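Student: The chain contents come next:
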Amino acid sequence: MSFQDYRINEKNGLEFGLYTLGDHLENPLEGKRISAQQRLQELIEMAKLAEQAGLDVISVGESHQDYFTTQAHTVVLSAMAQATEKIKLSSSSTIISTLDPVRVFEDFATIDLISNGRAEIVAGRASRVGLFDLLGYDLRDYEELFEEKFELLLQINNEETVTWQGEFRPVLKNAHILPRPLNGKLPIWRAVGGAPASAMKAGYQGVPMTLAMLGGPASIFKRSIDAYRETLDASGYDAKEFPVATAGFFYAAETTQQAQREYYPHINEGMKRTNGQGFPKQQFAQGAHPKNIMNVGSPQEIIEKILYQHETFGHQRYMAQLDFGGVPFDKIMKNIELIGKEILPAVKKYTTRN
Amino acid sequence: MSIVVLSGSTMGSKTRTAMNAVYDQIKNQHPDETVTLIDLADHELVFSDGRNYLEYTGDTQYVTQKLMDADAIFIGTPIFQASIPGSLKNIFDLLPQNGLRDKTVSLLMTAGSAKHYLIAETQLKPILAYMKAQIVQTFVFMDERDFHRKEIVNEDALFRIERLVEDTFILMYTYQSVKQAKEEEYGF
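So the sequences go chain by chain: S and W. Reminder that position 155 of the first sequence reads as 155 in UniProt numbering, one-by-one numbering, no gaps. Reminder that position 74 of the second sequence reads as 74 in UniProt numbering, one-by-one numbering, no gaps.
Possibly wrong hints are sitting among the right ones.
Stated by the list, open to error - Lysine-lysine pairs mimicking DSS-like chemistry, simulated, CA-CA at most 30 Å apart:
1. W/Lys179 with S/Lys272
2. S/Lys222 with W/Lys132
3. S/Lys272 with W/Lys66
4. S/Lys48 with S/Lys32
By construction, these hints were calculated from the structure, which means they are not laboratory data. Keep in mind the model is a prediction, meaning the values are calculated, not measured.
One chain only, chain S, in its complex shape (with noise of 0.2 Å):
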């Protein structure tokens, strides 16, 4: 294995990505919400213009209950494949254990290939359970269903011919799995919380991490992910061949005053509705502290911010939540046209080996 089979250039810096949960949540400042027609519209213009503005990488999360509208996410990324051609499409996360990994295996493929081989996949156990109901699962398996469907994902996009048996899917036999993507195989990455004992998950597994970061110090981060390199070695895996992601608020504004002043009531309130509490000011404000891992500021303390947690982590992706909790489509464009034209050059000015 190596960067180049998930398809990361070194040389090119520290990849800038923006990710969405799909979430569908009031704007709080005007106590409205857009129909979901219009937010699933205005997610796929936000790939056409964080593609227009030098990004890496867009996602989509898939989530099964009230305030979101990403049900369906690889439908999403099909039409930002369209829409698209050069930005690589992700998910944020695809939740494993409640699909069928032949059926993601061939939406992404599809999606790889109708791309021109801009697809992954990012899987993930749920932080919500709504759909384990929903789709006729049992919650006390859990780990397992994830675990288990995870390893078949993995065997797919390995094999393209596949002879499988487990328990919570039908017997595979030599069963061949179409379409193959563009390069044979797809970048899959596994989803990660906080905890260095689900990092260290990925690192059993041999398999790239996308680490989620709500708050809080870098340094707890850099716990989760020295705990994924060192599993990764001890399990037989270089460490040095397996790029780490991660992923955590994102506002800019003109100063860091402003950006918490536009960004918080959105991530309080959808907070509250998504995760039934409220994010603390105190937090949100500690928030700005430069070794903070929330990047909510002014551009240029952003990019010392981002610049700091390249230097701490090593990682090779960095992925931006601006959207979440009704922010309005006009605060996502500035925001992207922030990134475009201050943060990107600079990240990339600073990250990029000759």
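Add chain W to chain S, keeping to what the hints say.
Tutor: Just chain W now, with coordinates in the frame of chain S:
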């Protein structure tokens, strides 16, 4: 402000009797505040299976939502087998990790024997602290002798309940107002 009075056991009567007195005392001292009494004996709750509290249904959803919306919670609990009852521990397990953040929580313990006096200190307060509650340090401890046929017969106990209600509201109002002033300083 939203106040919940929680009677944490599904069996026995002492805790409920005491929490009725707490409820009446709150109504007496703060007639304008919203108070809800929840007796776990009146509700069918499932055991926590780790999901977010928003995703439960029925009584479990009702009780967890009331607690999460509360600014202050009066927890009343008996002591079984030298510990809190499973029904109360299940409440903590159903709530998120920091589920008591910004909430003022006070305690009323009932027990068969004064030998259990330190259970609140050694077993209950650490849970509340972990869940980030603002804990009212003094608690009310009542034993068998304070009750007779579902009535409180020890007048001293009623004074202690009166003080518990006062202390809880003082801490809640103080914490909320200082916190609000601090948050206004953040400017967002």
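Student: Which numbered hints turn out to be false for this structure?
Tutor: none
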